[in-house]
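J.: Residues per chain are reported as follows:
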Amino acid sequence: MKITDFMKNNILCLDGGMGTLLQENGLKSGELPESWNLSHPDIIKNIHIDYFNSGSNVVSANTFGANILKFSEKELENIIKSALKIAKEAKEESNGSQEKWVALDIGPSGKMLAPYGDFDFEDAVETFAKTIRFGEKYGADLVFIETMNDSYETKAALLAAKENCSLPVFVSNAYGEDGKLITGADPLSMIAMLEGMGADAIGINCSLGPKSLEKVVNDYLKYSSTPVILKPNAGLPRVENGKTVFDVPPSVFAQDMAEYIKKGVTIAGGCCGTTPQYIESLTSLINDINPILITEKNYTVVSSYTHSIVFDNMPVLIGERINPTGKKRFKEALINNEIDYVLKEGISQQEKGVDILDVNVGLPEIDEVQMLKTAVCELQAVTDLPLQIDSSDIVAMETALRRYNGKAMINSVNGKQESMDGVFPIVKKYGGVVVALTLDHSGIPDTAQGRVEIAKKILQEAEKYGINKKDIIFDPLALTVSADNNAGKETLKAVEMINSLGCKTSLGVSNVSFGLPCRNIINSTFFTMALTKGLSCAIMNPYSQDMMQSYYAYMALNGLDNNCSSYIEFAENIDLTPAVNAPANASKKTDNEYKSDLQRAIIKGLKEQAGNITKLLLDTTPALTIVNEEIIPALDKVGIGFENKTVYLPQLLMSAESAKSAFEVIKNSMKKEEKTSKKPAIIIATVKGDIHDIGKNIVKLLLENYGYNVIDLGRDVSPEEITQKAIATHSPLVGLSALMTTTVPAMEDTIKMLREKAPWCKIVVGGAVLTREYAQTIGADKYSKDAMETVRYAETVI
Amino acid sequence: MNALYTKTYSLPPFNEKEILRYCGAKEDNKEVNNLLKECLKEAEGKFHGRVVFTEYDITKSANILDLGFAKTSSMSLIKNLEGCKKIILFGATVGIEIDRLIFRYSVISPAKAVIFQAVGAERIEKLCDVFNQEVNEKYQTVPRFSPGYGDLPLAFQQEIFKVLDCQRKIGLTINDSLLMSPTKSVTGVIGIKD
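Each protein sequence line maps, in turn, to chains A and B. Counting from 1 along the first sequence, just add 8 to a position and that's the residue number in the working numbering. Counting from 1 along the second sequence, just add 3 to a position and that's the residue number in the working numbering.
Since the hints were derived computationally from the structure, they do not count as laboratory data. For glycine and all other residues, C-beta sits at the position ideal for the given N, C-alpha and C. Hints may contain errors.
As the list claims (entries may be wrong) - Below, simulated DSBU-like cross-link-like pairs (lysine-lysine); rule was C-alpha separation at most 35 Å, straight line:
| hint | chain 1 | residue 1 | chain 2 | residue 2 |
| --- | --- | --- | --- | --- |
| 1 | A | Lys99 | A | Lys53 |
| 2 | A | Lys53 | A | Lys381 |
| 3 | A | Lys793 | B | Lys10 |
| 4 | B | Lys40 | B | Lys165 |
| 5 | A | Lys223 | B | Lys20 |
| 6 | A | Lys170 | A | Lys82 |
| 7 | B | Lys44 | A | Lys615 |
| 8 | A | Lys223 | B | Lys74 |
| 9 | B | Lys10 | A | Lys223 |
| 10 | A | Lys381 | B | Lys49 |
What the hints assert, rightly or not - Quick list of the computed label-pair ranges, beta carbon to beta carbon:
| hint | chain 1 | residue 1 | chain 2 | residue 2 | range |
| --- | --- | --- | --- | --- | --- |
| 11 | A | Asn33 | B | Tyr152 | 30 to 38 Å |
| 12 | A | Pro49 | B | Ile111 | 54 to 62 Å |
| 13 | A | Lys10 | B | Gln136 | 19 to 27 Å |
| 14 | B | Asp69 | A | Thr779 | 47 to 55 Å |
| 15 | A | Ile806 | B | Glu21 | 36 to 44 Å |
| 16 | A | Glu651 | B | Gln136 | 20 to 28 Å |
| 17 | B | Gln136 | A | Pro767 | 55 to 63 Å |
| 18 | A | Val247 | B | Asp132 | 52 to 60 Å |
| 19 | B | Gly151 | A | Lys687 | 36 to 44 Å |
| 20 | A | Ser233 | B | Glu47 | 34 to 42 Å |
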């Protein structure tokens, strides 16, 4: 019988712990348990036989840590081959008439994925893929991905299984006492991601005893439409008379498990500390229980690597600002590869209170596939908001979705056949909630009814792929009311009609006001009207106070804001006073210590004040005068103070950030031709293998303060990439940073390559482990102990 | 194979003076103090102290120290463990969330990033202190010792990772450059005198 058929009507019993039993049989510290498949096959086989004899339907072969990071490919093949052979022999040789299967067991790789580690996502996928291909080749009945405590690595493993075998895939995660994975994901986020990708069973194992996992199990049973696995530890270990014992005995373990099975868990077993005795107690207790089979749930959910957003009564705000359309500065940032600009746009929308960030970086001048992938990866490093991948390029969309750590929102599909043919297969593969525009080859229907017809067509097509309607959010499209007076009305009607089909709706509201004065009034009112019709989410500008006002007022008036507390908090922060309150003559001398208010703001590190005062000053003073007579002298004062050790690093940086905010104001006021920097670009990067770049970012900030054009290549950058950029820009100066002794060789390689291919270029190095002597040995022109010294050096080079 | 134990800790309040020292500042600057307050408010609740540990008997012959899981000839460690018969081997981390804050603020505010670095440094030291204190209550110990101290090479980390199962137990990993992730983590040994 196929295991997936068996699961339709039965409780599936898994096995118990392996590691603890191997220890009892003499596995030594540091010895790899998988090597015992070759050296001690009989011990492994007997453990499997004991589990089958105690009633397990599935035993996991001894392949938990079998991967190419720990073994050569040849060794790996032998280990997996042997592991599965042993397990299958055990299946034949064991008693018991129950149905029996053998799982290829897959545990974590031991490495942290980028951006917080150096393990590339695709390398992780390939690592798991190698194990999985051998697993299928040597006869595993299913793949069991277990004990994963990071969502991204879990995704890599599941993706590898889906792409490299045709076996059923079970996925189980290890939750801590706080009910989350160690890297932060909560149960619903994992459920959303794993179900979206099509796991055959999902659940919980390891970490704690059954009782302590109650909340997590309940969340799984509440939200999952996929069979739920529970494989807890025998409680916590402690030492008794020199022997390790676990605090939950078999009878209690079995009783606790039975309670969960009565509530809907259908796949049960044990993890650390559990033995065949535990499984025997478990099977004898659960044989009489009728399985409570999992039911289809109807939640529309998107998730990030920490949390999820459920589309229910609360309207969801999707920030629209990461989009070059109509934004000169944003376009410029994309063309110059200034990824920081994109990231800041994300972070500040989060600070304004959006729930999801739309990410659109499509521009004819750039490689959208690469840019969207970079933007999504880098945004995930600095914000935990779920993302909406927004592209009309299917390849870009798929590349970004693949790297997305969670269940993304996807923008968009529409009623044209070619759109559905392109988008639905990737929604099916990677999971996601897709926004569907109610238009087709004949355009946008004028009437609500016409748009609903397209929605129905889209639903039908999605069903062919097995995409559930809860994963489609319809955008019935807001058209311009000044062109067609009924446009607003029809769109609102369409929202209502689509809701009554049991579907969610989304709108980009701002189109409606096109061509009218005071667009904010129309937009925010339209937004309120749509919300009252049941709009689930809106793509909007969170910097618009009117839109945010509508949102908070709607929530308060519709019983969605407990004690009106969100509204009150919002209202308290509404800025009703004029933007700037500074004295009119901002450059005037204020006291003896500071030459002017602006200098004071910069020296004291008051970021907002510095920007505001500069705005005022620009009315009366030429930009260049502000720079040369206010900003630079203030910066110099702080810089000299730092060099003389009267100013500390945090102060230096606060001043630098304040100067930067003054510069931004000035830059925005300049015409394009004035902006072009006269100074050639300095290239900076953290070398290959080093993923921490705070020092490099400090250097960048200060160099920019002093008017240098800086090209920041980021962290973990190869010698080739740095050299190519130095050649392409004919850069006079390259700054390299390394934090660890182990990455200094990469720095040396980079210097060698630069010397050979870009001999004109000076090289300055810095970082925690470097010294003047060390820098000399590896061939750098200059060692800088801090950012100020780098600025001083740049002054001598350029 | 030795049994591994994991424990989670909630940490005592922040030591602001110590944090300022870590980021190279003093207490006398109002603006820096305000910034620190802001950062602490944001960092509150983002630390999850986790420790994995085990015990080994140790022996010395000639100038080789056998730690029960690996051998070393590090003179500094031999000196540190003089008179000890056992060690506690441990890995400790305060979790990934502080790394996320540092990444985030590296982009929008290096000043805050520097402060969060210092906050993280203070937290992991505090976690080690709390754990060390618990060990001290049970045993007579010598000061804890980590790879990178004295002549014990950083590469010794790899030996520790082989036996402590750090990723599975506390979510701690090491990369090829010997960088730990989460960064605010410590591995080490605490010698026990009999």
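J.: Please go over all the hints and tell whether each is borne out by the structure.
T.: Each hint tested on the structure:
1. The hinted pair formed by Lys99 (chain A) and Lys53 (chain A) meets the criterion: a straight-line CA distance of about 9 Å does not exceed 35 Å.
2. Proximity of Lys53 (chain A) to Lys381 (chain A) is assessed by CA-CA distance (about 46 Å); at most 35 Å being required, the pair is judged violated.
3. For the hint pairing Lys793 (chain A) with Lys10 (chain B), the CA-to-CA distance comes to about 39 Å; that exceeds 35 Å, so the pair is violated.
4. For the given pair, Lys40 (chain B) sits about 40 Å from Lys165 (chain B) by alpha-carbon distance, which is inconsistent with the 35 Å threshold.
5. Taken as a hint, the Lys223 (chain A) and Lys20 (chain B) pair is broken in the structure, with Cα atoms around 39 Å apart against an allowance of 35 Å.
6. Our distance criterion of 35 Å between C-alpha atoms is met by Lys170 (chain A) and Lys82 (chain A), whose separation comes to about 23 Å.
7. Between the alpha carbons of Lys44 (chain B) and Lys615 (chain A) the distance comes to roughly 19 Å, so the proposed pair stays at or under 35 Å and holds.
8. In summary, the hint linking Lys223 (chain A) to Lys74 (chain B) is not supported, as the alpha carbons are separated by about 44 Å, beyond the 35 Å threshold.
9. Of the pairs offered as hints, the one joining Lys10 (chain B) and Lys223 (chain A) holds, with about 20 Å between alpha carbons and a cut-off of 35 Å not exceeded.
10. Between the alpha carbons of Lys381 (chain A) and Lys49 (chain B) the distance comes to roughly 28 Å, so the proposed pair stays at or under 35 Å and holds.
11. A hinted range of 30 to 38 Å for the beta carbons of Asn33 (chain A) and Tyr152 (chain B) is consistent with their spacing of about 36 Å.
12. For the pair Pro49 (chain A) and Ile111 (chain B), the supplied restraint of 54 to 62 Å holds, since their beta-carbon distance comes to about 56 Å.
13. Hint check: Lys10 (chain A) to Gln136 (chain B), Cβ distance near 56 Å, so the stated range 19 to 27 Å is violated.
14. Hint check: Asp69 (chain B) to Thr779 (chain A), Cβ distance near 34 Å, so the stated range 47 to 55 Å is violated.
15. For the hinted restraint 36 to 44 Å between Ile806 (chain A) and Glu21 (chain B), the CB-CB distance of approximately 40 Å keeps it satisfied.
16. For the pair Glu651 (chain A) and Gln136 (chain B), the supplied restraint of 20 to 28 Å is violated, since their beta-carbon distance comes to about 41 Å.
17. A C-beta distance of roughly 57 Å is found between Gln136 (chain B) and Pro767 (chain A), which places it inside the suggested range of 55 to 63 Å.
18. The hint said 52 to 60 Å for the Cβ distance between Val247 (chain A) and Asp132 (chain B), and at roughly 24 Å that hint is violated.
19. Taken as a hint, the range 36 to 44 Å holds for the pair Gly151 (chain B) and Lys687 (chain A), whose Cβ atoms sit roughly 40 Å apart.
20. Restraint check, Ser233 (chain A) to Glu47 (chain B): a C-beta distance of roughly 36 Å satisfies the suggested window 34 to 42 Å.
Checked against the numbered hints given earlier, this structure breaks hints 2, 3, 4, 5, 8, 13, 14, 16 and 18; the rest are met.
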